[in-house]
Structure formats: C-alpha cells, structure tokens
Amino acid sequence: MKTRNVLSGLMGATVLAAGLGATPALSADITITMAAPDWPPTRFMKEHFDQTYQSPDGNNTTLDMDFIPWPSFYERVAASLTSGEQKYQMIVTDSQWLGAFVEGGYYLNLTDKIKEDPELQAIMQDLHPALVSAYSTYPHKTRAQLEAMGPAPAEGVNYYGFPQFPDTYVTFYREDIFCNEGEMAAFQAKYGTNLPCTYEDWQDTDWQKWGQIGEFFQRSAGEMLAGETLADDFYGIAYQAGKGYDFSTMAINAFIWQQGGDIWDESKMPDAQAEGVVNSDVAVAAFEEYLSYLQYMPPVAQTGQMDIFVIQDLYMQGKVGAIIDWVGLGEPVLDPSASTVSDKSAFGPAPGTRKADGSIDRTGNIGGQPFVLTTWNSDEVVNEALNVVKWWLSPDTQLAATANGGQSGLMSVMAMPEYNGLRPWNRAHVEMIDWQKDVWHIPEFFELLTQQQEEFDKAITGQISAKDALDAVAEFQQELLEDIGFIE
Amino acid sequence: MARKYREIGKAGWGYTAITSVVGFIYFFPVLWIILTAFKTRTDALAVPPKLFFTPTLENFTSVFFRASITTGTSQATDMGLYFFNSIFIAFTSVGLALIVGTLAAYAFSRYPLRGNDTYLFIILTTRMMPPIVVIIPIFLMFRLSGLAGSYWGIILLYTAFNIPFSIWLVKSFFDELNPEIEDAARMDGASERRVFFRFCIPQILAGLSATFVFGLILTWNEFLFALLLTGVETRTVPVAMARTLGGEVGVDYGLLAAIVTLFLVPIFFVTFLLQNQLLRGVTFGTVKK
Amino acid sequence: MAELATDNLGTQGAARGGFGAWLLDPKRRGALLVTPAITILFVMNIFPLMWSFGLSFFNYKASSPRVPSFRGLSNYERVLTDDKTWERFQTTAVIVGSSVLLQLIVGFLLALMFAKAFPLRRIVLMLVLTPMMLSFVSVGVFFKLFYEPTFGIVSYVMNLFTTEKFVMLGSPAGAIAGIVIADAWMWSPFVMLLVLAGLVSVPKYLYEAAEIDRASSWRTFWTITFPYIKSLLLLAILFRTIETFKLFDIVYIITEGGPGSSTETIAVFLYRNAFQFFQTSRSAALAYIVLFIVIVLTNLYLYAVNRRAQEAN
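Protein chains in written order, with my numbering: chain A, 154 to 641; chain B, 51 to 339; chain C, 26 to 338.
Only chain A is shown next, with the shape it has when bound in the complex (with noise of 0.2 Å):
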C-alpha cells in the first residue's frame, strides 16, 4: 500500500531523528527493543540476557524491554504496530494474535530465514510439534499436517514464533487432603474408586472422578477435613469459568475435542463448517458435562468470573482442594508469602475423557507466548535477533529459565532427567504438552472468541442451556466466516 510506504518512510525519519530506539545501519552497536508483558519470566530474559549473552557475531548488542503491565499488553502493542511506529524489533505476542498481525504486515516470516540456516532448522526440530504447529505456522497447520509434512522447514509452511513461555494446565491440588488417610478411606467407600494421592493416581483420573471429588470435598463451615474443623466453607475443585479473555473457551475446547467433538477447524479451510460442527451433539454434550461440575466450584462460579486467577487465590488461601491452572501460575502458589498452601501443593497431569478403551484422553488449549520478529528491520537487526533467538533456545539459557519459573519447549531439554526436578510441575507440564491443541489463529480471532465467551457466559451463569449457546455460537461463526470468505 503506498501511503503506507510513505508513512513509513516519514516515521522512519521522524524516529530515527528522534533518536527512539531505531539501529543505524553499518555499525555494530545494536538495539533490540523488545515488546514484553511484565511478569517474571519475561525479566528472566532480559536479567539472563545481560549476565550471559555474547553476540557470536561480534555486535554490542542491547536486548531494551519495554515491559508492559499485562492487562494493558494487547492495546499497548496493538496500537503501536497499527499505527505504524515501528517501535519493536520483536514481541511476545498471544499465539492467537498471529493471523491479525502477520495480515497486517507487522510480523516477519521466518522460514526463508529458516531455510538458510541449520542451526535455527536444528532448533525448529528439536522444539515440540505442538508447539511449531501453535506458535509458529501461519496459516495455521495442525500437528498431524506438520508431521505428515516432514521435519520443518517443510515446503508451504510459514513459520513465525519461537515459544517465550510455553504453557499448559496441570492439576494443583492439596497434597495433605488427598493423601489424608481418613479422607482417602471415606472417598474409596463412597465411590468405590481411589482419592488420587499421587502423581500416578492423577493419571489415571478422569472427569468423572473429577466431579466425585467435587462432590466429596464440599463442605460447609464447621464440618471436618482431613481431621481439622473447617472456619469457613471448603471445595473440592475448580477449574476457568470467567468470562474476561479466553478465561472459559481455555477449557470448554479441552471437554469437546476430548469427546470427539470440534471446534471451526481453521486448518481445514474453506471446507470446514462452523454450523453443525461447533453445536454438534457431541460438543454440547462435551458442554454440559464441563456445566455440571460448576455446582461443586466456590460461589463465584456462579458469576461468571471465575477466571484463572480467582482459582489461583482460592487455592492458594485454602478455599479449594485442586484447580487445573497454568503452570505459568504456579510459582506464587509454592510462595509462603502470598500462599497459605506452599509447603501442602502437589501437581499432577489434568484430568481428561476416559475412551473406550480405558485410557484418558488429555487433549488441551494450548497456552502461553511465542516471540516473534518483526517487519522493518535491516538485515543486520534480523541476523542479531536471530542470535538472540537462538541463546534463548540453547539447552543451557532454557535450562536456567526454568530453574527460575519459565518453561522449555525443547524436547531435548525436557528429557534431559534433571529437568523434571526443576519445578515441582514439570513432570505434568511435560506429559500435558503432548496433547496438546490450539484455538484460532486468523485476523478476526478476537471477534469469535469475545462471541464464544459471551454465549458461555450466559450458559454458565444459568440463562441459556448449552445447547443455546453453541448454536448461537455456531450461527454467528457461520455468517462471518462465510462473509469473510473462511467457509464457502
């Protein structure tokens, strides 16, 4: 678009003149500005990267995070790249803000790049599949297609993202609860089945034991638990139901693709439907079996805000006995400050949908953050932040980030056998990443899901049933999927 070439050039000069952060070129003084979400293991890089990075090309390199507080991090970054300031030469970026912001021309195809240089192949095959298939391919391919494909890069794929954090959900539960002898022994009469006390017990959980826990767990003020009188009242479980962000379509998927059902299959455009696919028997089965355990979750289930921080405080403050939450939230729950159950929490793998043949299906949304490159740097900028991409993915730098709360996407790394005694979640983290899946990544993605949230929302607080919601859901996918030309 010309005048955008225009603009481009007029706020190049401007910046450049400005002195904001732009690289002169020819010289090996480099500046990277870096758009971050402000939390711990995004100042992990930037403290790791002044104590340890050393550009093998030779550049004084400068790694400027601009860290932004969460909450205001999309309208922060969106507004920068929109209106053309050219500010950041990579960004942590929400795996799903990929369609709105390649199509915008802001973020970097990478598979050229990619292409030339081994060592960066050796990194796209070492990190996991789900991951490339979620935080790099643009359109999306799925798992099955990248690895019916060949090893990356794979001819007309495009590739993006590199994982910042990965994340999964993993059971936190209360390790001196579940394995109270009493309780353990009141639960096997009652149910006939085990409490899960261990790492292995978790395994082999499901959704339907995970509502017999519920059920079991809720207790009023002044009942027993685990031998002490309760002060207040106590759940047994909770898991998102909120309706800010993604705080309920997280789960919900996880319930529908674990029962066979499916969401808008974006990999399967232009044939794949919305109608009759996303209201399918299946899916709104799969959605009122995620409803029904909501009676055993704390009264603010009932609000619809049940989002994955309000599970996160009613754990740590001992409100609840297990919640399935981020593992990127799991650090301030092992935190004696902040957490009443530091020394009492134990993790395991999310339950799942038992198959026919006994085994538990697991399959999950994928959370976390990629970091991508940007569009307007010089070939000089690109070759450093390709440096830097690689330290960042280097066995010894994702080592140290999880030591200090991050995580690894590299398959090479999580089976190094130190890692899973890094953080207490690891060995969940590791077994979870393999199932899992990832929502929409095209332009219109905010639009389906603030929708989705929408129509969930009121299935949750009680003012539509399930099967409403999904077809409103449905419905409203269709026409603009088909307006925009996604489905014919």
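Everything labelled a hint here was simulated from the structure, so no lab data went into it.
Glycine residues also receive a C-beta, built at the ideal position from the N, C-alpha and C atoms.
Please note that a few of the clues may not be correct.
[Stated by the list, open to error] Here are some chain B residues pointing at chain C (derived, C-beta under 7 Å):
| no. | residue |
| --- | --- |
| 1 | Y65 |
| 2 | P99 |
| 3 | G151 |
| 4 | A157 |
Given chain A, work out where chains B and C should sit, using these hints.
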C-alpha cells in the same frame, strides 16, 4: 462582590459526631484500601475480612524496589520517576488549561462573538466523545509529529481535555462580575490589562482555585492515553499501577493499595488546602442573583 | 446558559503601527484571547475527531494493510441495524439513569448534612470527598473484591443475615447494581460539592423571613432553598450524565460486560469494536452515533432548562 461564605446555621460537637459516623461509613472503602496497603496477601484475602492484623511495610517497599529474578538483589522500579511524571504532567496541563481557558472565558464573556453560545457548545462537545475513538488518529498524529513519549505531547493532550471545563466554569465566574466596576476603572484611565489583572482576576481567584482542583481530579487518574502516548521515561503512575493487576498472580491487592494510597496523598492535600476556595468558587460562579 | 455578557470594548488600543497594532486592535481582542484555547483544542481534539469522522465513511481496518475504500453510509447502516447496538444502548441508559439518580440523591443528602457549620467540618468533609480522587481502576478492582462471594466484605456482611452464599454479580440485575453502586459512590461527592455550594449561598435573611412567616420547612425548602441550588443541580446532572455515558473501566473490571452481555455498556462495546476487532471505521461510525445522541440529549436538556428559567422569570 465577594460573597461571604455562609452556612445554614451552626451546630456543635454532637452534630460532629453524627456526621463523622456518616463520613466514616462513606470513607470506609477508601479506609479498606489504605488498610490493605499494610496487609500481606494472605491477610488481604482473609476470611472473614480482617480489620485488625499485624501491619507490614513490605508493600510500600515493593512500590519502589523489586527483587531480581536471578540474583534476588533489590532493583529500583522507577516508581519515583513515575510519581514525578504524574505530578508534573497533571499540574502543568491543568495550570495551562486554566490560563488558556481563562483568557478564552474572558473573551467569551466580555467580547461575545456572533454565535457565541454555539462555539461554547461545540467546545463542550469535545468532552462528550468517547476517547477510544480518537485514539488511533491521535496516536498516528503523535508518531508523525514526534510528540509520542514526550512530556509535551501528553501535557498538551491533557490541556485540551481540560479546556472545555475550564472555559465553562471560568466564564460563569466572569459573567457574575459587575461590568460597571470595570467600566468605571476604564473611565479612570486604567488599561485593559490593568482591568483584567487588577479588577477581574482577584475577584474570581476562589473560582479559579475550584476550577484547578476539579481539573486536577479529572486528570490525575487518566489511564488510556497515558498508556498509549507516554514512553518509558514519561510513564505516569496510573499506567505503572496496572502492573499490579495481573501477571503471575491476579491482582496484587497489597501493592496496588500501597500505590493508590501514596498516589492519593498529593491530590488529597491540594484539595484540603483549597477546600474553602472550592466551595466558594463553585457557588460564586453558578448561582444567579 | 451563556448570557449577560456585556459589550464593553476597551478604548485602550494603542496606536502603534504594523502587525502588532493590527493584532492588538480592540476589535480583534476577543478573537485573540480565544486563539490559544481554540488552537490547542483544534489540534488535539477537533482534528482527530474529524479524522475519525472521515474514517467512518470508509471500510478501514487499522490492523489490515488493505487500501480502504469509500463506503458512504454503509457503516452507519450496519451499526444502526445491529440488534446488539440497541441492546447496548438500553443497558447504558439503565446504568446512566440509575447511577446519576443515585448520585443526585446521595449527593443531595450529603450536602444537606454538610450545609451546617460544625467543629472539624473541614476534616469530615474530606472523608467524603476522597472517593473521586481514586482511579477508576482501583475503584473497580476493590469493589470487585468487596463483591467476591468468598473473600469479599460485602458478601461477608450479607452472609451474616442469609443462609445462602450472597453472590452479588450472579444475575444481570445484581451486576448492574454492583456497577451503579461503585460509580455512584465515587461520584456522589461531585454532586454534593455543587449542591453544597448552592446551599451555602442562600442569604440568611430569607430564612429569617420564612421563620417569621412560620412557613413549614417543606415550603421553606421549595420556595427559598431550591431556587438557589436548582441551576447547580442541573449542571451536576449535565456533567455527570456526559461522564457516565463514557463509563468504561469500572464496568470492564467489575463484570467485563457479564453475565452474558447484561452489563455491556456502549463504551465497552465501542472498545471491543475499535481495539479488539479493529473495526476502525465501523467503530468510528458508532462513536459518532453516540456523540450525536449525547448532543441531542444535552440540547434538549439545555432547552428545557432555559425554558423553565424563562417561565420562572
């Protein structure tokens, strides 16, 4: 002209007791926030809610220092700079709006143009627009002009937001003044400048103070434009405050409360000092004889 | 509302030559004094407003590199025929109406209370003025915490009286009430200030005269007090309505528009369209419809006020 500040009747300490109870109930949510600033996270979320607890100053320390992830050493958070920015930006822009607005108000009052009321109304409408709509043009404009991230950019923007309010209020003060006195002064050979500075302005000082306080209250906590248009160096407290709203935990209630409490202090004192002017000023301007 | 301005052009225009003299000519003094304000307003407000007004006739998406094309009034048509728009307007009307009404009642009662002189009045008054100095964000966050069924103090107090857990935000009505209470708490002091200013301006001798006439206190209020606070009360309604129409942060933080869409105000809807969906042009059209409605309401209101004032004279 200056009206004496009066109350309907006087009351004693008994009345103070009653109003204190009401005032205290009204103030309770603020008190709760202030108390939360001295609580640990566990105390802040205690059930039943805790009115009595062992206070900690840790939240206030965390406002200005954070622990490094890798080494655990203490690092400055730049919050001191953000407090300076907030104070500097708010006071400058409200002051500027007051000066510019007073000049315009004087003109609208003393030298009415054809269609005076229409202009005044158009000026007021600029305050009615939902700010979200002008964000993209303003953002683009700031980029092109290099104003983004600078003090001047955000100051001018806030000035613009405060001008309508300033003009409307200050004009009503000028309207209340008796023009005969000014005319008499002119007869005596006083220059226009002298009429303005020696006769008009002193009479409406209380009103100007009131306008200043109102402007300050409306500007002090602005978030959206500050988020998008300030840079790392010019960031204001409301933007920096957002880091307590989510990340690794949900809301960091103690830290948020500590920032809110500290941020309340300057504006609280300005309002307290100008309280009499605030009441008198509003009265003065808008009540018709 | 603007009247009374007297035409008294000064006679002091100095007879210096050149541009300075031209500029300082008394004929131009009004325009000259207005210029700085108008310049700033134009650059920072009116120009961006016109820019987005222009955008509202295209199909521009800020996130897309496509060249926008002219679409005439189609954005307006689309917005106006969308049922959602009307639902959001209804929600906004309910919230604005009940919040402004509550602010008036509470502000008025507080003003009556503070109209008397009493010891420590300055300090007690500060207790009531503080809420409006807080940020919307912090008010939203803490009221949400107060309403939280497990941790919240409101729920705790209510649970002393009920057996069921008190869940404020579980129903549309409760959620609207939750938002209105927070907003009204924050801004009633503003109304109080204006009303208080009116109350203390009533000349004492009028009350003394009323006392001699043995007028009932109700009658005293309507015939003596009310005329003095009327114009301020009207101003308070005007300002608070304009501001409450834009209410965003408190809603977004406390309920995020939920449950379902029952508290999604027009400001939240606009935000989603502009910043989440990048329907830049469509959201500009919507914003102009909002602006139009506010302007019409304001004008009707001012018209009614002026008419009442004329009748009264």
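Each hint, compared with the structure:
no., hint, result
1, Y65, "holds, 5 Å"
2, P99, "holds, 4 Å"
3, G151, "holds, 6 Å"
4, A157, "holds, 4 Å"
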